[in-house]
Amino acid sequence: MHRLLEILICVIAGMLLMPFFVLACGAVLVLLGRPLFFSQVRAGRNGVPFRLVKLRSMHSTCDAQGALLPDAARQTRITALIRRLRLDELPQLALILRGRMALVGPRPLLPETIAAFGEAGRRRGQLRPGLTGWAQVSGNTLLADREKLQLDLWYVHHRSAALDLRILGETIGVALGGERRRPRRLAAAARWLQAQEPGLGLGCGQEVPA
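Per my numbering: the sequence shown = residues 1 to 210.
Hints listed in this document are in silico derivations from the structure and should not be mistaken for laboratory results.
FRET-style restraints, in silico, Cβ to Cβ:
(1) Leu29 x Arg191: 45 to 53 Å
(2) Gly173 x Thr76: 18 to 26 Å
(3) Thr141 x Val41: 17 to 25 Å
(4) Pro70 x Gly33: 18 to 26 Å
(5) Val30 x Ala175: 19 to 27 Å
(6) Phe37 x Leu16: 18 to 26 Å
(7) Thr76 x Ala175: 15 to 23 Å
(8) Gly26 x Arg191: 45 to 53 Å
(9) Pro35 x Val11: 20 to 28 Å
(10) Pro19 x Gly169: 20 to 28 Å
(11) Gly173 x Leu5: 15 to 23 Å
Note that CB positions come from ideal geometry on N, CA and C, so glycine has one too.
Generate the whole structure from the sequences, applying the supplied hints.
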């Protein structure tokens, strides 16, 4: 996608969604309290770290051993809706305008997760990480880490402006209609990877964060 088009879409989306984002901030403040935002260092293009910012959508409740409860147990019905509609991701529009992220690309992961992927992680990191991506519209949380990685690598090789616009359109559909696995896409990515990169390791030893 041309950079000017990416910037234009970001500006328009930010203007249209700002009222909903303000409502989401108010809901988080009432339901979860402060801080409003969650930030974490993630790996950017070519592994260069940057700080990702999201609207908080989960509280920090832990079990008896001090470990955080599963994501579903730490959300409310309202914050789960905020996540589904991707309103928690809107602060990342500023990162896109700054050139640290892209509208479409592999989602930004923890540096240690990328390192655990080995050569596959390096290939995946050739692009700016995206607000949404091929894996996010092909099943996302319903996929295994290996499946997400295969889809990301397929996207890195096949990316185009037309595909990016398709992914943006499908992202709206996923937000409104919910996630579902795309078996044909998963099979195509696996076949392509086996044919093109039979020796490429796909180690997925690290948990992939949202």
